[in-house]
Amino acid sequence: SQQGEEDPQALSIQEGENATMNCSYKTSINNLQWYRQNSGRGLVHLILIRSNEREKHSGRLRVTLDTSKKSSSLLITASRAADTASYFCATARSGNTGKLIFGQGTTLQVKP
Amino acid sequence: EAQVTQNPRYLITVTGKKLTVTCSQNMNHEYMSWYRQDPGLGLRQIYYSMNVEVTDKGDVPEGYKVSRKEKRNFPLILESPSPNQTSLYFCASRRGGDSSGNTIYFGEGSWLTVV
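From first to last, the protein sequence lines are chains A and B. One point on numbering: in our numbering, the residue at position 107 of the first sequence is 107, and numbering is uninterrupted. Position in the second sequence counted from 1, then plus 1000, gives you our numbering.
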């Protein structure tokens, strides 16, 4: 079964608004990563947060991690039309040899 | 430029005709992996390799084979493709074999249709 599950599955907002996507997982993790995928293209790594971190920023991206709730959120501030893409969380389990398990993704549409 | 290169990018083939999707990375990464992406199912790992001559099954290995004879290459082999293997395939690589958080680099994907 999928380790990470994103919520919502689809999100449509206006340019300039903030977009928040959530990810829940089931087992103890070493780290959690967020990836972006433009339609039909490869995934691009956005940000990684380790299990001992609670919040991380990168440009307009803000990621939080709550290990007690086994959840993470990705916030994109001041969204742009170019942010339109699918966003995936991926978890690396504790003690694992390196396998990342991906959620099904959130499809974000930012309307100009 | 750091790259993971897959070929072919697009392929339509017939049931039972063996095919190979090649994957090559230029970053001297130890870890390489194959995923397939299907609507509603997300990315699922097919096989992975921790280093040369070290491969292991992922979540959906049935119908696939891999080899890792050289560090840079990790081909995916479909010995007898079937229509349920129609999918978008991604190769990925990463430095190191642990889950410390090294970035995974993905190829651009290979669209495979089996008729």
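Hints may be right or wrong, so weigh each one.
Derived lysine to aspartate or glutamate pairs resembling EDC-like cross-links, with alpha carbons at most 20 Å apart [claimed, not checked]:
(1) 26/A x 53/A
(2) 70/A x 5/A
(3) 1069/B x 1053/B
(4) 1069/B x 1079/B
(5) 99/A x 1059/B
(6) 26/A x 66/A
(7) 26/A x 1079/B
(8) 1069/B x 1056/B
(9) 1065/B x 1053/B
(10) 99/A x 5/A
(11) 69/A x 55/A
(12) 99/A x 1053/B
(13) 26/A x 1070/B
(14) 69/A x 83/A
(15) 1018/B x 1030/B
(16) 1071/B x 1038/B
(17) 1018/B x 1062/B
(18) 111/A x 15/A
(19) 99/A x 1079/B
(20) 69/A x 1030/B
(21) 70/A x 1062/B
Partial selection, computed: residues in chain B whose CB lies under 8 Å from chain A [said to hold, decoys possible]:
(22) 1002
(23) 1005
(24) 1008
(25) 1010
(26) 1042
(27) 1048
(28) 1052
(29) 1108
Everything labelled a hint here was simulated from the structure, so no lab data went into it. Glycine included, every Cβ here is placed at the ideal spot set by N, Cα and C.
Hint check:
A hinted pair counts as satisfied when its Cα atoms are at most 20 Å apart, and residue 26/A with residue 53/A qualifies at roughly 18 Å. With a C-alpha separation of about 11 Å, the suggested pair residue 70/A and residue 5/A falls inside the 20 Å cut-off, and the hint holds. Restraint check: the Cα-Cα separation between residue 1069/B and residue 1053/B comes to about 6 Å, which is no more than 20 Å; the hinted pair holds. For a cut-off of 20 Å, the pair hint linking residue 1069/B to residue 1079/B stands: about 18 Å separates their Cα positions.
Our distance criterion of 20 Å between C-alpha atoms is met by residue 99/A and residue 1059/B, whose separation comes to about 10 Å. Taking the CA atoms of residue 26/A and residue 66/A, the gap is near 12 Å; set against the 20 Å cutoff, the hint holds. Annotation: proposed proximity of residue 26/A to residue 1079/B is violated, straight-line Cα distance about 35 Å (limit 20 Å). Distance check on the hinted pair: residue 1069/B and residue 1056/B sit about 14 Å apart at the alpha-carbon level, within 20 Å; holds.
Straight-line distance between C-alpha atoms of residue 1065/B and residue 1053/B comes to about 13 Å, which keeps the hinted pair within the 20 Å bound. Distance hint between residue 99/A and residue 5/A is fulfilled; the C-alpha atoms sit about 16 Å from each other, no more than 20 Å. Distance restraint check for residue 69/A and residue 55/A: the Cα-Cα separation of roughly 14 Å lies within the 20 Å cut-off, and the hinted pair is therefore satisfied. Pair hint residue 99/A plus residue 1053/B holds up; C-alpha atoms about 18 Å apart against a cutoff of 20 Å.
Straight-line distance between C-alpha atoms of residue 26/A and residue 1070/B comes to about 35 Å, which puts the hinted pair past the 20 Å bound. A C-alpha spacing of about 28 Å is found between residue 69/A and residue 83/A, which places the hinted pair above 20 Å, so the restraint is violated. Note on residue 1018/B and residue 1030/B: the hinted pairing is violated, with a Cα-Cα distance of about 27 Å set against a maximum of 20 Å. With a CA separation close to 28 Å, the supplied pair residue 1071/B and residue 1038/B exceeds the 20 Å bound.
With a CA separation close to 15 Å, the supplied pair residue 1018/B and residue 1062/B stays within the 20 Å bound. Under the criterion of a C-alpha separation no larger than 20 Å, the hint pairing residue 111/A with residue 15/A is consistent with the structure, at around 6 Å. At roughly 25 Å between alpha-carbon atoms, residue 99/A and residue 1079/B are farther apart than 20 Å, so this suggested pair is violated. Among the hinted pairs, residue 69/A with residue 1030/B is inconsistent with the structure: their alpha-carbon atoms are about 33 Å apart, more than 20 Å.
Annotation: proposed proximity of residue 70/A to residue 1062/B is violated, straight-line Cα distance about 31 Å (limit 20 Å). Hint status for residue 1002/B relative to chain A: violated, with the closest Cβ pair at about 11 Å, above 8 Å. Below 8 Å, beta-carbon pairs count as interface contacts, and residue 1005/B has none with chain A, the closest being about 11 Å; its hint is therefore violated. For the restraint placing residue 1008/B at the interface with chain A, the shortest Cβ-Cβ distance is roughly 15 Å, beyond the 8 Å limit, so the hint is violated.
Look at residue 1010/B: its Cβ only gets to about 10 Å from chain A, farther than 8 Å, so that hint breaks. Restraint check, residue 1042/B versus chain A: the minimum CB separation of about 4 Å is within 8 Å; hint holds. With 8 Å as the threshold, the beta carbon of residue 1048/B comes within range of chain A, its nearest partner Cβ sitting at about 7 Å, so the hint holds. Checking residue 1052/B against chain A: minimum C-beta separation of about 16 Å lies over 8 Å; hint violated.
At a threshold of 8 Å, the smallest CB-CB gap from residue 1108/B to chain A is about 5 Å, leaving the interface hint in force.
This entry does not satisfy hints 7, 13, 14, 15, 16, 19, 20, 21, 22, 23, 24, 25 and 28, going by the numbered hints stated previously.
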